[in-house]
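The lines below spell out each chain.
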Amino acid sequence: MDLSYYMELMGVAFFAISGALAAAEKKGHHNDIFSAFFTGFITAIGGGTLRDITLGNYPVAWVRDGNVLWAIFFGFMLTILFARYWVRIRKALFLFDSIGIGIYTVIGTKISLGAGVNPFGSVILGMVSAIFGGVIRDTLINEVPLIFRKEIYATACLSGATLYIVFDYLNVDKNWNAGFSVVLVVLIRVVTVRYNLSLPKFKLPE
Amino acid sequence: MDLSYYMELMGVAFFAISGALAAAEKKGHHNDIFSAFFTGFITAIGGGTLRDITLGNYPVAWVRDGNVLWAIFFGFMLTILFARYWVRIRKALFLFDSIGIGIYTVIGTKISLGAGVNPFGSVILGMVSAIFGGVIRDTLINEVPLIFRKEIYATACLSGATLYIVFDYLNVDKNWNAGFSVVLVVLIRVVTVRYNLSLPKFKLPE
Amino acid sequence: MDLSYYMELMGVAFFAISGALAAAEKKGHHNDIFSAFFTGFITAIGGGTLRDITLGNYPVAWVRDGNVLWAIFFGFMLTILFARYWVRIRKALFLFDSIGIGIYTVIGTKISLGAGVNPFGSVILGMVSAIFGGVIRDTLINEVPLIFRKEIYATACLSGATLYIVFDYLNVDKNWNAGFSVVLVVLIRVVTVRYNLSLPKFKLPE
Chain A
1 MDLSYYMELM GVAFFAISGA LAAAEKKGHH NDIFSAFFTG FITAIGGGTL
51 RDITLGNYPV AWVRDGNVLW AIFFGFMLTI LFARYWVRIR KALFLFDSIG
101 IGIYTVIGTK ISLGAGVNPF GSVILGMVSA IFGGVIRDTL INEVPLIFRK
151 EIYATACLSG ATLYIVFDYL NVDKNWNAGF SVVLVVLIRV VTVRYNLSLP
201 KFKLPE
Chain B
1001 MDLSYYMELM GVAFFAISGA LAAAEKKGHH NDIFSAFFTG FITAIGGGTL
1051 RDITLGNYPV AWVRDGNVLW AIFFGFMLTI LFARYWVRIR KALFLFDSIG
1101 IGIYTVIGTK ISLGAGVNPF GSVILGMVSA IFGGVIRDTL INEVPLIFRK
1151 EIYATACLSG ATLYIVFDYL NVDKNWNAGF SVVLVVLIRV VTVRYNLSLP
1201 KFKLPE
Chain C
2001 MDLSYYMELM GVAFFAISGA LAAAEKKGHH NDIFSAFFTG FITAIGGGTL
2051 RDITLGNYPV AWVRDGNVLW AIFFGFMLTI LFARYWVRIR KALFLFDSIG
2101 IGIYTVIGTK ISLGAGVNPF GSVILGMVSA IFGGVIRDTL INEVPLIFRK
2151 EIYATACLSG ATLYIVFDYL NVDKNWNAGF SVVLVVLIRV VTVRYNLSLP
2201 KFKLPE
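Chains as they are written, first to last, in the working numbering: chain A, 1 to 206; chain B, 1001 to 1206; chain C, 2001 to 2206.
Just so you know, the hints here were simulated from the structure itself, not pulled from any lab data. Note that CB positions come from ideal geometry on N, CA and C, so glycine has one too. All clues given are correct.
Residues on chain A that point at chain B, a partial pick, calculated with CB under 8 Å:
1. G56
2. N118
3. F120
4. I124
5. V135
6. T139
7. V144
8. P145
9. F148
10. S198
11. L199
12. P200
13. K201
14. K203
15. L204
In isolation and in its complexed conformation, chain A is listed as follows (with noise of 0.2 Å):
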């Protein structure tokens, strides 16, 4: 249990981490210190936020435990201070990152199941809590949301979600299961990446 807590709290920070960077990367915009703490803030929150006021899930995490908050402020400290070396290790960041977006997407749709929300929103609620802080993030800062680009990425949280699932249903061990969920999501992320797979197009005839 307290493990977990901590895997929460690092996945906070990692979450200010690349969200802070991200911001940091946009062009023609202004990019002050402020926009960077808020757009790491808004990246660690919105997903788990969304998901618990869509659940009536009160009082939300980081209005409940200023913990939250802290960790995304050693996020953001991290990201100005240790600025140069974010850039050179880029492919460890892809590591972290899916790992954070694995270790939401087991919470997000645990506390679903938890909340007795049927199986199939469940899932989609564990996609939401892993990729919605993301996707504010994105419209925010006016791009088009990483989820609509070519990279396979809520398809990967999906995966993992029914995965955790099917397993709770067949009451495989819950660390286990978390952890299975967690390594799936990393391995579709890093698999599809590499070898530059996507869905399948959907377009209108012409």
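Following the hints, complete the assembly by docking chains B and C onto the known chain A.
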């Protein structure tokens, strides 16, 4: 009662179709099948979810009732399988869409009145139910939302919601009231598009 | 108490005016009177509504109290009727806008503290109350939100909210505290715009 439930599911499926088609038509996007599903999902549940979380009306419809999600999935499958036909029946689609927003307007207004909201607020929430799925969809795919474009769209919903409240106050039979209000929304849309009418402009003097 | 209620309604009307003007100024839009009303509405209620649904603080102000909607309608009518005058008093408008965000910051911080939110979270929610109406408005009309542009805007709110919490902790009289905090927000905005100050940039090294 039963009938209105099936009408609502039909409305959901229809919005899922119109959302999926909007994604597929967007130029310069990577239009994969996930994007089609996701924009359909957002279009179908966005307005009602925003209404319910504004009212604190939990659990939100699609979280409580898995059938809403299956209706979306059904609409999505129809879109994929019959893509070539949708393009041909554009005019019928416009009519279906108008009926859909009419139904959503009436349902949203009725739920808001039932929750004790004042009439002005209920008119606004009726409109929000009908149009905000499309607004969120357009914002995510980085378009100017339809409500800010030329077509009289939101104003048709405001009119239908106002009629519903006036008739409700006058104790008109609920089913007739719902019918008249939907017809008013549809009529305003059809007539204004047919005769190319628009609201008065409001620009600041230079 | 009564006074603060009327101050809030004035703030609402003022935000409705600034929102309606923002819509009318946007180039390349179809700026009709509905767009003006709707952007005014979103600007006026967006931040407070997001704060209330994040806190689970139901019913949301404009849903409970029809006067909030009439204040928006009143602001909208003023905008339409006196359009030519607003353009002339741009400097006064900037001052009114700053007072408006100051008031919203203090109200949001106070409500959050009262709901038992930790100080860091209350500062954030005070800022959210003041700025998110504008953020949603800018996102909908497809502009880069003001908070990502050069002006020091959100940071002024963060400072005002922090002062309010420190003074609250020191048991400063509530009315004086509110007054001082609003003045701080206004001062920071006026001084930074007057002397063209901005926050330090944060860009990634190439």
